[in-house]
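Peer 1: Protein sequences appear in the order of chains A and B.
Residue numbering for the first sequence follows the numbering used here, starting at 1 and increasing by one per position.
Residue numbering for the second sequence follows the numbering used here, starting at 1 and increasing by one per position.
Quick caveat, the hints were computed from the structure, so don't treat them as lab data.
Treat each hint with caution, since some may be false.
[Unchecked claim] Selected chain A positions facing chain B (Cβ under 7 Å, derived; list incomplete):
(1) TYR149
(2) TRP161
(3) LEU162
(4) PHE289
All of these numbers come straight from a predicted model, not from anything done at the bench.
Each residue gets a CB set at the ideal place from its N, CA and C atoms; glycine is no exception.
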Amino acid sequence: MIAYIARRLLSMLPVVAIVAMFVFLLLHLAPGDPAAIIAGDNATPQNIAQIRKALGLDEPLWRQFLVWVGSLARGDLGRSMFWNDPVVTLIGQRAEPTVSLALTTLSVAVVLAISMGVTAAAKAGTALDRFVMGFAVFGFSVPVFVVGYLLIFVFAIALKWLPVQGYTPIAEGVLPWLRNLVLPSVALGLAYVALIARITRATMLDVLAEDYIRTGRAKGVAARPLLLKHALKNAAVPIVTVIGIGVALLIGGVVITETVFNIPGVGRLVVDAIARRDYPIIQGVIMVFSGIYVLVNLAVDLSYTLLDPRIRY
Amino acid sequence: MAAVAEAPRAEPSRVGQFQTFARRNPTIVAGASLLVFMALIAVTAGLIAGDPLFLNPSDRLHGPSSLHWFGTDNLGRDVFARTVFGARISLVVGIAVAILAITFGLAIGLVAGYYRRVDAPVMRLMDGLMAIPAILLAIALVSLNKASVGIVIVAISIPEIPRVVRLVRSVVLTTREQPFIEAAIGGGSRHRKIILRHILPSTIAPLIVQATYVMASAILTEAALSFLGAGVPPETPTWGNMIASSRLFLESAPWTIFFPGTCLALVVLAVNLMGDGLRDRLDPRLARRM
Numbered sequence: 001m002i003a004y005i006a007r008r009l010l011s012m013l014p015v016v017a018i019v020a021m022f023v024f025l026l027l028h029l030a031p032g033d034p035a036a037i038i039a040g041d042n043a044t045p046q047n048i049a050q051i052r053k054a055l056g057l058d059e060p061l062w063r064q065f066l067v068w069v070g071s072l073a074r075g076d077l078g079r080s081m082f083w084n085d086p087v088v089t090l091i092g093q094r095a096e097p098t099v100s101l102a103l104t105t106l107s108v109a110v111v112l113a114i115s116m117g118v119t120a121a122a123k124a125g126t127a128l129d130r131f132v133m134g135f136a137v138f139g140f141s142v143p144v145f146v147v148g149y150l151l152i153f154v155f156a157i158a159l160k161w162l163p164v165q166g167y168t169p170i171a172e173g174v175l176p177w178l179r180n181l182v183l184p185s186v187a188l189g190l191a192y193v194a195l196i197a198r199i200t201r202a203t204m205l206d207v208l209a210e211d212y213i214r215t216g217r218a219k220g221v222a223a224r225p226l227l228l229k230h231a232l233k234n235a236a237v238p239i240v241t242v243i244g245i246g247v248a249l250l251i252g253g254v255v256i257t258e259t260v261f262n263i264p265g266v267g268r269l270v271v272d273a274i275a276r277r278d279y280p281i282i283q284g285v286i287m288v289f290s291g292i293y294v295l296v297n298l299a300v301d302l303s304y305t306l307l308d309p310r311i312r313y
Numbered sequence: 001m002a003a004v005a006e007a008p009r010a011e012p013s014r015v016g017q018f019q020t021f022a023r024r025n026p027t028i029v030a031g032a033s034l035l036v037f038m039a040l041i042a043v044t045a046g047l048i049a050g051d052p053l054f055l056n057p058s059d060r061l062h063g064p065s066s067l068h069w070f071g072t073d074n075l076g077r078d079v080f081a082r083t084v085f086g087a088r089i090s091l092v093v094g095i096a097v098a099i100l101a102i103t104f105g106l107a108i109g110l111v112a113g114y115y116r117r118v119d120a121p122v123m124r125l126m127d128g129l130m131a132i133p134a135i136l137l138a139i140a141l142v143s144l145n146k147a148s149v150g151i152v153i154v155a156i157s158i159p160e161i162p163r164v165v166r167l168v169r170s171v172v173l174t175t176r177e178q179p180f181i182e183a184a185i186g187g188g189s190r191h192r193k194i195i196l197r198h199i200l201p202s203t204i205a206p207l208i209v210q211a212t213y214v215m216a217s218a219i220l221t222e223a224a225l226s227f228l229g230a231g232v233p234p235e236t237p238t239w240g241n242m243i244a245s246s247r248l249f250l251e252s253a254p255w256t257i258f259f260p261g262t263c264l265a266l267v268v269l270a271v272n273l274m275g276d277g278l279r280d281r282l283d284p285r286l287a288r289r290m
């Protein structure tokens, strides 16, 4: 197992290296001189020359890449052009809201989606099943920001149940923290719930058609344990796979959700950076988010052995 | 097919044929009609709506009325006109991205699936591309250039390509093990001919389905880019731009957000419904499950 984990970690390296290459090339693919881009609109030729020298932009491209990867490996993502702070520090300062939002959404969405999918499969063909499937198509089609504004309008402006926008750190109390996260989590989680519910239903339908389910039913296993212990456990691998792949939806959605709900997280950081063309931040956030995605999917791969003892590495 | 056993009947009329098709494939017909309706609106935008850029400062944030069906926004622009013209950008971007991503994805996927030596490096490259969240990659690509519809189309297409490549490659890998490919090789066909004549056709059905999903996701990404201020220039009427510029007026003028938002959701819903219907029809194995 440990050897397998080590092997998998190694096999991640090319993927991460390719991500790094794309992100590095982004700045260099831009039309024009990277030094001039970094220097900004009001720079003098001397400024530009200075930046070019300071950042090693006069060196050959492959050397620049090696230097950049070297600093990446030391956890150095460069400095923001606007804030002049290290990108790592900036991301660290804004990590709490983003992590809170992503984790609450993830946990609630997974529980909700699996219950919906299992119920739909158990009652396949009924109105309830059709409702869940309809909801799934709908959840895929409505953009995060449209749902977000609809939720704000109904629950914050009209009914005044929940705050309109903003974020309260968890240190200031769990309840205010949660109150601020309810609407953003629902908006962010909708597409994710739809995705997982759909695959849960599909896999459960396959498993429920297996002989051992019929055997279980024949020997008198009650409906609930049959569904949750016998069937769901066997349907776990594809479901967990989609939960991992769907993290990409969450990561993309976080950027939009934080803008809609004015949450001062990593997503806002990168959106503000676009407006300012603050490339080191854009590059750094892409590296971090891609890294998280790769790690989550590694964890998913490793979880297969726990979920299905037939899978051995 | 039950019809085979029945006695020969008179050829059903065109209308009858369509009714049968619609009854058997309600989602394709519902999605396609909604999409055709939106496309008609987009094409005839200049005829049915006024000037989307016309400012009338004395007419700001008015609710829906007989004069302005969808009300006016904070600059006194007609929301109906802007929504109708916004359909153009969404549909053009959706269709263009679908064509671009499918074309490149198909070419790369055919080569990667058929030639074992290119397979591993190409797929590692695709894995790397897929690890970057699509919206962020598109944002980064747009932020490097002056925003225009063309740049947005390219920026959204690039993250979609790896998904198409994976699909095509998996089809090629199973098809190339079929006896008829072996026969073609044995018969002395050239690789080019084998790929184009014998393997390509089996990728078409799954690609049609994939194209609809690419289109739906492209329309959503375009709107998200506009909304985040990283899409087409803000004065262009797109649904994402409209929502972005109206978000401060959610409380006083919700129509400025909800009309374009509803249209956006409807178009994506139409494309998704069509995709689901097509998949059921083209891939009977999956029809029961999803």
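Peer 1: Hint by hint, where does the structure go against what was stated? Just the numbers, ascending.
Peer 2: Of the numbered hints, 2, 3 do not hold.
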